[in-house]
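Novice: Listed here are the chains, written in short residue letters.
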Amino acid sequence: MAFGRSSSSGRAGHTGPSGGSDAPAPRRPGAAAIPTGGEVRRIHPVTLKILVAGGFGVGKTTMVGAVSEIRPLRTEEMLTEAGRPVDDVHGVERKTTTTVAMDFGRITLRGDLVLYLFGTPGQDRFWFLWDELAQGALGAVVLADTRRLADSFAAVDYFERRRIPFTVAVNHFDGADRYPAETVRDALDLDPGVPLVMCDARDRESVKEVLVTVVEHAMTLAAGPREHAPT
Amino acid sequence: MKETGQDPHAWYDGEAGPVVRPYAMTRGRTETDGQHRMDLIALVVPEPAAEDSGLDRSLSPEHLDIVERCVEAPQSIAELASGLDLPVGVIRVLVGDLVEDELVHVSRPVPPAELPDVNILREVINGLRAL
Chain A
1 MAFGRSSSSG RAGHTGPSGG SDAPAPRRPG AAAIPTGGEV RRIHPVTLKI LVAGGFGVGK
61 TTMVGAVSEI RPLRTEEMLT EAGRPVDDVH GVERKTTTTV AMDFGRITLR GDLVLYLFGT
121 PGQDRFWFLW DELAQGALGA VVLADTRRLA DSFAAVDYFE RRRIPFTVAV NHFDGADRYP
181 AETVRDALDL DPGVPLVMCD ARDRESVKEV LVTVVEHAMT LAAGPREHAP T
Chain B
232 MKETGQDPHA WYDGEAGPVV RPYAMTRGRT ETDGQHRMDL IALVVPEPAA EDSGLDRSLS
292 PEHLDIVERC VEAPQSIAEL ASGLDLPVGV IRVLVGDLVE DELVHVSRPV PPAELPDVNI
352 LREVINGLRA L
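Protein chains in written order, with the working numbering: chain A, 1 to 231; chain B, 232 to 362.
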C-alpha cells in the first residue's frame, strides 16, 4: 500500500499566486447600499467559496449535500481538448470536446453572505479547471479515505503550492481501519500548521465543523504573515 | 449533428442529446469582449432596465431566461449554468451581452490571490455555527 507522500513529488508549473500585497485593499462587493432615485437598492450578498477536493468516490458530493440548502447542483463546462483557445467557428467543429461536471452547493449564512461549496473534478487531467475554481477561494477541504490515501496527494500538493488554506478531513467509512491522526499526517507529509480532522461526510454537524476548521485556518493565515512553503 | 436536409417534422427525444449546439446560442463566440473573466460565484444582478416588460426584441430566449431568473433574485454564474442546463462558457458569453446592453451587472467577488478580510471570515464562522 502506497501510504506516504514524498515531499518532492510536487509538479512544476503550478506556482503560487504572485504578490498581491501591494494591490488595492479588498473591496466588499455591494457592501454599500446604492440609492437609486429615492429607493435604496438591496445590498448584494458577498459570495465566498470553499472547495472540496479529494479522490474519486471519497464522498465530495455527499459532503456538499450534507450542508447545502439546495440539492447539490451540477454545472458543466465544455472544454476543447487540451483547453486550446477557440476563436473561430470553423475550428470548433473539428475539435473534440469534453464535458467536465462540477458539483456545487449553497449555504446562505445571512441575507448578505453566501457561501458556495464546489466539489473539484476528480480527474487529474482537469488541473487547469482547478485553477479557475481556486481563484479567490477562501479555503479548501481535502477529503481523504485512509484506504486510498494516495488519492489525496495531488490535492494536498496543489493547495500547498497555490498557498490556499486547506484542511484535511478524513472521512470515516464503515469498515475502514482507523488510523491515529499522526499516522495520517505523516503519510500525507502535512506541514505542522495544516489542520487534520476526522469527519463523517454524511453528517451535517460533522461537515459544519470541518468548514469551521477551514475558515479558522484561513483566519490564522490571514492574521499572520503567510509562511512560505519550503521549495 | 445534421440540421440541414432533414424533415422539419423529425421526431427527437432526450436521447438524441441537445438539438442545438450550445455555442450556437452564442453565435460561436467563446469569450466576451473587454471584461475580466466572470467568476463562477460572481453574482448577476439586474439593472432597473431589466424590469421593463418591453425588453429588447433582439434578445434570445436564453438571454431572457437569464434576465428573468436574476430579476427574481441575483444568481451566480454557476447557478445560472446549472439552472439553464448550459455550459458555464455559454452563460459567460450571454451574460456579457446583457452587461453590454446594460440590463445586468456582475458583482466582482473577492479578488483572486487575496483573502477576504478577517471580519468577513469571522461572520462566516458564526454563520456556520448557527446553521
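Watch out, some of these pointers could steer you wrong.
[As the list claims (entries may be wrong)] Calculated Cβ distances over 10 Å to all of chain B for the following chain A residues:
| id | residue |
| --- | --- |
| 1 | T62 |
| 2 | D157 |
| 3 | G175 |
| 4 | Y179 |
| 5 | R202 |
| 6 | E216 |
[Unchecked claim] Okay, the calculated bits of chain A under chain B, using three or more residues with CB under 8 Å as the criterion:
| id | region |
| --- | --- |
| 7 | 47-60 |
| 8 | 71-77 |
| 9 | 101-107 |
| 10 | 131-144 |
[Said to hold, decoys possible] Here are the in silico distance ranges between beta carbons for each label pair:
| id | chain 1 | residue 1 | chain 2 | residue 2 | range |
| --- | --- | --- | --- | --- | --- |
| 11 | B | V302 | A | T183 | 48 to 56 Å |
| 12 | B | R339 | A | R74 | 19 to 27 Å |
| 13 | B | R353 | A | R163 | 18 to 26 Å |
Just so you know, the hints here were simulated from the structure itself, not pulled from any lab data.
Every residue gets a Cβ at the ideal spot worked out from N, C-alpha and C, and that includes glycine.
Novice: None of the hints should be skipped; say for each whether it holds.
Specialist: Consistency of the hints with the structure:
| no. | hint | verdict |
| --- | --- | --- |
| 1 | T62 | 17 Å, holds |
| 2 | D157 | 19 Å, holds |
| 3 | G175 | 30 Å, holds |
| 4 | Y179 | 27 Å, holds |
| 5 | R202 | 16 Å, holds |
| 6 | E216 | 6 Å, violated |
| 7 | 47-60 | holds (count 3) |
| 8 | 71-77 | holds (count 5) |
| 9 | 101-107 | holds (count 4) |
| 10 | 131-144 | holds (count 5) |
| 11 | B:V302 - A:T183: 48 to 56 Å | 54 Å, holds |
| 12 | B:R339 - A:R74: 19 to 27 Å | 25 Å, holds |
| 13 | B:R353 - A:R163: 18 to 26 Å | 21 Å, holds |
When the structure is compared with the earlier hints, a violation turns up for hint 6 alone.
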